[in-house]
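J.: Sequence:
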Amino acid sequence: MLLFKRPHLRACESHADIAVDLAPLSQLRNYAEFEELLREELQKIYGNAPAEFHGVITYSTRDAPQSFRGCFTERQLETLHQYDAAVEKINHLSSEYRVALEEHERLVEGNKDRKPTQKRIREEEKSRKRLRAMKREVVAAEYNKECLSLKLKNLFSIDVIRVPLH
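According to full-length UniProt numbering, the sequence shown is numbered sequentially starting from 1.
Honestly, the hints are just simulated from the structure, not real lab data. Among these hints, one or two may not hold up.
As the list claims (entries may be wrong) - In silico DSSO-like pairs for lysine-lysine, Cα to Cα no more than 27 Å straight-line: (1) 89 / 145; (2) 135 / 145; (3) 119 / 129; (4) 151 / 126; (5) 129 / 145; (6) 126 / 89; (7) 153 / 5; (8) 135 / 112; (9) 89 / 151; (10) 135 / 119; (11) 89 / 112; (12) 89 / 129; (13) 119 / 5; (14) 89 / 5; (15) 129 / 115; (16) 44 / 5; (17) 44 / 89; (18) 119 / 145; (19) 115 / 126.
Modelling step: build the complete structure from the supplied sequences, incorporating the hints.
T.: Dropping the structure here:
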């Protein structure tokens, strides 16, 4: 997993600018793991690394590469994990919905030529209610994903992090 790109873009006495990839960043389990990998990277390249990052780790986006206004925090990493979980949930719910829809269509098609009995009518109604409930779950999960993507709009275009060295 290559989180940091080499060579580093800039370094001075107070900070280092390091290009990063979002995909490996989202696979980190927690913020402490990110800090540990960052310390290891700084140790390899510069020979020393701060024991704790006292300053804020900021980032720039591809749209504004010279503007380090975004702060990369533990909460953003957690939100990124929530986004990944929401995408996974959508995929799971959508596949379940498609299977249930096919099952419902087979039920309706199989009963099309038969005389409608109370039992068949109840079964079809039960199937329709189940489909509506499943569709609501899919739509709610998609809405949740959209809300999270708005929160992470800038993080999705992360390009460089600025790490304080003191």
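J.: Against this structure, judge whether each hint is valid.
T.: Okay, the hints, checked on the actual structure:
1. 89 / 145: Given pair residue 89, residue 145 holds - Cα atoms ~9 Å apart, limit 27 Å.
2. 135 / 145: This hinted pair holds, its Cα atoms lying about 15 Å apart.
3. 119 / 129: Judged against 27 Å, a Cα distance of about 15 Å means the pair holds.
4. 151 / 126: Given pair residue 151, residue 126 is violated - Cα atoms ~38 Å apart, limit 27 Å.
5. 129 / 145: holds (24 Å)
6. 126 / 89: Holds, at roughly 24 Å.
7. 153 / 5: holds (22 Å)
8. 135 / 112: Status holds; Cα separation ~24 Å.
9. 89 / 151: Since the Cα atoms of residue 89 and residue 151 sit roughly 18 Å apart, the hinted pair holds (cutoff 27 Å).
10. 135 / 119: holds (24 Å)
11. 89 / 112: violated (34 Å)
12. 89 / 129: Holds: residue 89 and residue 129 sit about 21 Å apart, inside 27 Å.
13. 119 / 5: Violated, at about 64 Å.
14. 89 / 5: violated (31 Å)
15. 129 / 115: holds (22 Å)
16. 44 / 5: holds (13 Å)
17. 44 / 89: violated (39 Å)
18. 119 / 145: violated (39 Å)
19. 115 / 126: holds (18 Å)
Violated hints, listed in ascending order, are 4, 11, 13, 14, 17 and 18; each of the other numbered hints is respected by the structure.
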